[in-house]
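Trainee: Here is what each chain is made of, one letter per residue.
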Amino acid sequence: MTVGELSWPWPPRAAADPPPLPPGEIHLWLARLDAPVGAAAMALLAPEERTRAAAFRRPALSQAYLAAHLALRRLLGGYLRRAPAGIGLIRGPAGKPALRQGPGDAAPGLQFNLSHAGDWALLGFARGRAVGVDLEPLRPDPPLEAASLVFSPAERRLLDAQDVASRGTTFLRLWTRKEARLKAEGQGFSRDPTRLCTLSEQGWWIDTPKGPPDHLLAVAASARPARCLGHILSEQIEI
Amino acid sequence: MDGLPVIREAQQLGEAAPETVLHTPSVADMLGCQMAEFAAWLAGQGLLAEPAGPEALQRYAVQDYRGFWSAFLRWSGLDCSGEAEPVCTGDDCETARFFPGLRLNYAANLLSPRWDDAAPAVTALVPGRPAERLSRGALRQRVARLATVLQQLGLRPGDRVGAVMRNDAEAVVAALAVAALGATLSTAAPEMGSEAILDRFAQLDPVLLLAHLRPAAQDTGLALTTRLAQVARGLPACRGVVALDGPAEIPELLLPLHDAAALCAAVRAEAAWQEHPFNQPLFILFSSGTTGQPKCIVHGAGGTLIEHVKEHRLHSELRPGDKLFFQTSCGWMMWNWQLSALASGAEIVTYSGPIAEADTLWSLVEQERVTHFGTSPGYLKMSETARLHPARDHDLSALRVILSTGSVLDEARYHWVRRKVGDLPLHSISGGTDIIGCFVLGHPQRPVHAGQSQARSLGLDVRVLSEEGQDRPGAVGELVCANPFPSRPLGFHGDADGSRFHQAYFAQNPGVWTHGDLAEATPEGGIRIHGRSDGIMKVRGIRIGPAEIYRVLRRFPEIRDAMVVLQRDPEVASEGRAVLALVLEAGRTLDGPLIAEIRRALAREASAAHVPDLFLQVAELPVTHTGKPSEAAMRDAVNGLPVRNLSALANPGCLEALRHHPALRHAPLASPLAARAAAAGTLNFLRELWQELLGIAPIAAEDDFFALGGHSLLAARLFAEIERVKGVRLPLTTLLRAPTVAALAALVDAPEPAPPGGRLVVMREGEAGAGPPLFLIHSMAGRVMELWALQRALRTGRRIYGIQAQGLEPGGAAQSCVHAMAADYLRILREAQPRGPYWLGGYSFGGLVALEMAQRLRREGEVVEQLIAIDTSVHPRFLPGPQRMHHLVSRPLRVARDMRTRGLRGNLDFLGKKGMMLLDRARVRLGRPARHLDLVGDLTADAHLPEDLRRVRGGIMLATRNYRPRPYAGKVTLIHAMQGGTYDILPTWRRLAGENLTLLPTEGDHLTMIQEPQVRSLARRLDAVLRD
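Protein chains in written order, with my numbering: chain W, 1 to 239; chain V, 10001 to 11028.
These are calculated hints, taken from the structure and not from any lab test. Since the model is a prediction, treat every value here as computed from it, not as a measurement. Please note: incorrect hints may appear among the correct ones.
The calculated label-pair distances, taken between Cβ atoms and stated as ranges, are [as the list claims (entries may be wrong)]:
1) V:ALA10266 to W:GLY38: 23 to 29 Å
2) W:GLU235 to V:THR10226: 47 to 53 Å
3) V:GLY10587 to W:ASP141: 42 to 48 Å
4) V:ALA10131 to W:ALA226: 22 to 28 Å
5) W:GLN202 to V:ARG10966: 55 to 61 Å
6) V:LYS10913 to W:ARG57: 50 to 56 Å
7) W:GLU235 to V:PRO10157: 37 to 43 Å
8) W:ARG82 to V:ALA10223: 24 to 30 Å
9) W:ALA35 to V:ALA10266: 22 to 28 Å
10) V:GLY10587 to W:ALA39: 39 to 45 Å
Just a few of them, taken from the derived set where beta-carbon distance is under 7 Å, the chain V residues facing chain W [to be verified]:
11) ARG10214
12) ALA10216
13) ALA10358
14) THR10385
15) ALA10601
16) ALA10603
17) LEU10708
18) PHE10719
19) ALA10738
20) ALA10742
21) ALA10743
22) ALA10746
23) LEU10747
24) ASP10749
25) LEU10908
No residue lacks a Cβ here, since even glycine has one placed at the ideal position from N, Cα and C.
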């Protein structure tokens, strides 16, 4: 199943009321990051998130980080039917966020992933399957010379087969697929990315749906979903 | 009519090399195809003796080409008026004109009412939208309306129109509307930058610009509307822009912007279409020349139409009701070629989206029930690599012919199509933008041989001129056409006296059209194209045209002149490295930042393969007395050969400087940038690099990469640059561990002690008093970086050293003998730890070297406390009886299978390489150094690896083959993968180590055991061993 024709329905949807998420589905959310994060919203974030945001040299980066993680918490709150502020998040070995499991907690089975770049954040949610997402703005000068560091031989051949005009887009498209795939697994680049080929791997499902203009999206999952829905997150913070 | 001679002829052609025949036409195909119908018709007219097979038909068509084209015009039923005589003025290919007395309308022929109006004409597939299907009647109506609109906007016959279009229905309507009015169309694809578009259109002075303006998901760079505004600014004669895909706004546009759809809806009466002269210019295409701006190649309407109809109907067996889908864009000649298929009553399918997955086009072929699928070698290769099986996974029952063009189609692709797509004719067609058609094509009556095109274009006197003569089977030579042909372009735009036209095609071999392709006539009667013949270099298997490099260099104001040639590797004849010689402006030197900038520009605007291996600054380039730069002279000098045309040069003295340039020595030498970095220190180098990449200054040594705004793409760029300059490849994950300049610099540098060439690496610092260090030997990877995940997962306090292979740094050659390696590595080991007790180990091959090192140490009286072999195996030759038997038996089967897939030429090549490799083995046995280490191993699977790594791997494979391990008396721990490989290594180690062997199983297989998450299990085992 390809989700190339994913529609992002209007009007934006509130995080407190996401559509139900059965096990075969993946939900993708787009959130804008340019609205300033106010004090009330800051209170929803965890202390380590605020500290990390403060470490950014540029205020715009800080802002984007806060907004992206705020969106994540709001959506987690919506899917788990909990208050956003109380949700415990931990980071895996390569930095992938996950829900903290307390000793008595029933496993919610909710998997998620977050990616943000520029003015947008992309969030993916699924039950019972690992999910990874990546969002990249279409840059005019992707690092083509790094292809041998990150792409498998087959991916590099696909890249070289493109004519010069399409090579940049193809590079970014392959990059987002690879990032989404690695993020779904939770290993980041601690696995040698050149040994993993997103073009021909069995089992994993990777797709590149359409998204905001001038951006490329990729979503990867450990099993093919029956359905993939896309929503735009409303900017009203539910307190 | 007795069709037997036709079949017999085809069979004789096929008998030559039966195992390369991949498709044989059936009797029904051979007798029922349009080529046979046409031959029969000619016989009926008394022009051809019957029965006539393909050879006889081609002979007639070439010898009496006037009669042939006149007959074909009648047979094809093209709509025209006027005098069909003379057919052709003159016999000179360069100046002849066809049918000067005829008039026709290109668009009217494509939309002829002889086919049913309800029949489908165009199916346009655009991702994200439902397919747009136009019937012939609907298409004709839309074309008529748009033509009326364009006429109202002032478009007259002979005017030129530029169009920036996506490959969809509107593009087809637009092209036909322009053609209907007798105007001339020039197209570009929307992916091109505005400079590239202007490079083309500006020379033409178009009066109108047609464009798609709506953005699409796959657009990159500046918005389409912005680029179009820039283009419009550069076209002073342009009167307006016509938007083809709905109302749009271009704020910066100074010209009127017309909405085609709105204007068409308002059309009341449609203008009539006139017939125009046969040679009225129809399309202007562009070809990048070897120097300067693109050539504007003008093609006439009649010549284009009649040649396309011939190629479609006779060669490709296209009939009314067939469906042609060609993978193309509006920037390429195949778009125009495909368009003309309407003139044969066929339907065309267009697709304007990206190839998101390898399967995309096969799905479209199935979905649209395409009968004729046109693709490229690149896509076929991609499908093969993705292990697709289109015949099994798709309903391709409608598909009858596959066409491929764009580059040379290797034999392997033919075999793949046969195996995975079906018993279908695969036509490798080749020609060019210059002739808007093909010189070689398929043929419905001839068998398909792997690696060849079946036939020369009918009526064209195509020949291969080589030193051995003309059309000698097996001889590679220049592809030429010796007789006049209608699709020969009318000329270049802006070339009033025809001198540039003459220079481009008629100067090399007088009287004939020289196409610039290298080709070979095959014994089977076909043609094999070898590629372009003009200055092309083959670097690491990729064809690089110098023009592509010069185009990017033109932007650098520091560069006055440049020349790039191939320096051949004395060891491997067919490979070489690209050497770029630069003459800089006065006072400028070729320093690190400039080289880095040039590298980046080439990688970005051309490709990574276009980045030259070597940059030289020279005072002047060799030029002839007429001032023309001589690449041939420079090539000779750079390769150490006597210069062939010394007397023809105006400045022969400059070659001495070139010949003795220090950078041309074959040992890989530190580039100026690397030298600079070494001098300044890694820390400063990294700091400057970060500042440049992140756009922030100053950066402190303790600043965190991600806090500075770094992201993974920037990290990739950073590491690529580190690898290029320092020769050190670090995994991107290193940044997680070492996110600051200082920490990263520490990892990039080889820390103390600095042994010869950085072969000793401190993988783990360790704590004082934790015990003797562990020395780990590299595996086939040559470097110990692959064990970094293991190192990170360890808890031990011991220091861990890694010893890397010789041959990956300057000043060393790959080794191919375990004994020699052991001796060499012991020297390195002793510099770090002069006296025992020693702890040695290695992953995979490393374990063998460690074993030999341990043997030697013990013989010298040293104490080796532990030898740790991590899943180390020996060559199957040295396995115990039953396993060795299995290896011996299964080998011929593998070899046979590989030989089958390789094809005849591939096998000859392979056997040649294997022969060299066997000679090398003998050499090594006699104690001499090996010479062809890079040929050991899987030549295809390893082809993408850099040469030095291939040599190291080859050396290791040879070493493994020749090393017979002897029993070892010390303590051995074998940590082996639980998911074993083909052969069980336990019995071997039991035999070698006896009771001193400790076995520790660990998770994963041979490869995954050193990766997350299985590496944790390995780390636990290793920690346990190191604790004792």
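Trainee: Using the nearest Cβ pair, does PHE10719 of chain V come within less than 7 Å of chain W?
Mentor: holds (6 Å)
Trainee: Can we keep the ALA10216 of chain V interface hint, with Cβ of chain W closer than 7 Å?
Mentor: Result: violated, 9 Å to nearest chain W Cβ.
Trainee: State, for the Cβ atoms of LYS10913 of chain V and ARG57 of chain W, whether the hinted interval 50 to 56 Å holds or is violated.
Mentor: holds (54 Å)
Trainee: Quick one: are ARG82 of chain W and ALA10223 of chain V within 24 to 30 Å, going by C-beta?
Mentor: Between ARG82 of chain W and ALA10223 of chain V, where Cβ atoms are some 42 Å apart, the hint is violated.
Trainee: If you check the beta carbons of GLN202 of chain W and ARG10966 of chain V, does the distance land in 55 to 61 Å?
Mentor: violated (43 Å)
Trainee: With 7 Å as the cut and Cβ atoms as the points, is THR10385 of chain V at the interface with chain W?
Mentor: holds (4 Å)
Trainee: Next item in the hint list is ASP10749 of chain V. Is there a CB on chain W closer than 7 Å to its CB?
Mentor: At about 20 Å, which exceeds the 7 Å cut-off, the nearest Cβ of chain W leaves the hint on ASP10749 of chain V violated.
Trainee: Going by Cβ atoms only, is ALA10358 of chain V closer than 7 Å to chain W?
Mentor: Where the cut-off is 7 Å and the nearest Cβ of chain W is about 6 Å from ALA10358 of chain V, the hint holds.
Trainee: Is the hinted range of 23 to 29 Å satisfied by the C-beta distance from ALA10266 of chain V to GLY38 of chain W?
Mentor: violated (52 Å)
Trainee: Tell me if the interface restraint on ALA10601 of chain V is satisfied: Cβ within less than 7 Å of some Cβ in chain W.
Mentor: Hint violated; ALA10601 of chain V Cβ to chain W Cβ min 9 Å, cut 7 Å.
Trainee: Starting from the range 42 to 48 Å, see whether the pair GLY10587 of chain V and ASP141 of chain W falls in it by beta-carbon distance.
Mentor: violated (29 Å)
Trainee: Regarding the hint that LEU10708 of chain V lies at the interface with chain W, is the smallest CB-CB distance below 7 Å?
Mentor: holds (5 Å)
In this structure, the earlier hints numbered 1, 2, 3, 5, 7, 8, 9, 10, 11, 12, 15, 19, 20, 21, 22, 23, 24 and 25 are contradicted, and the remaining ones agree with it.
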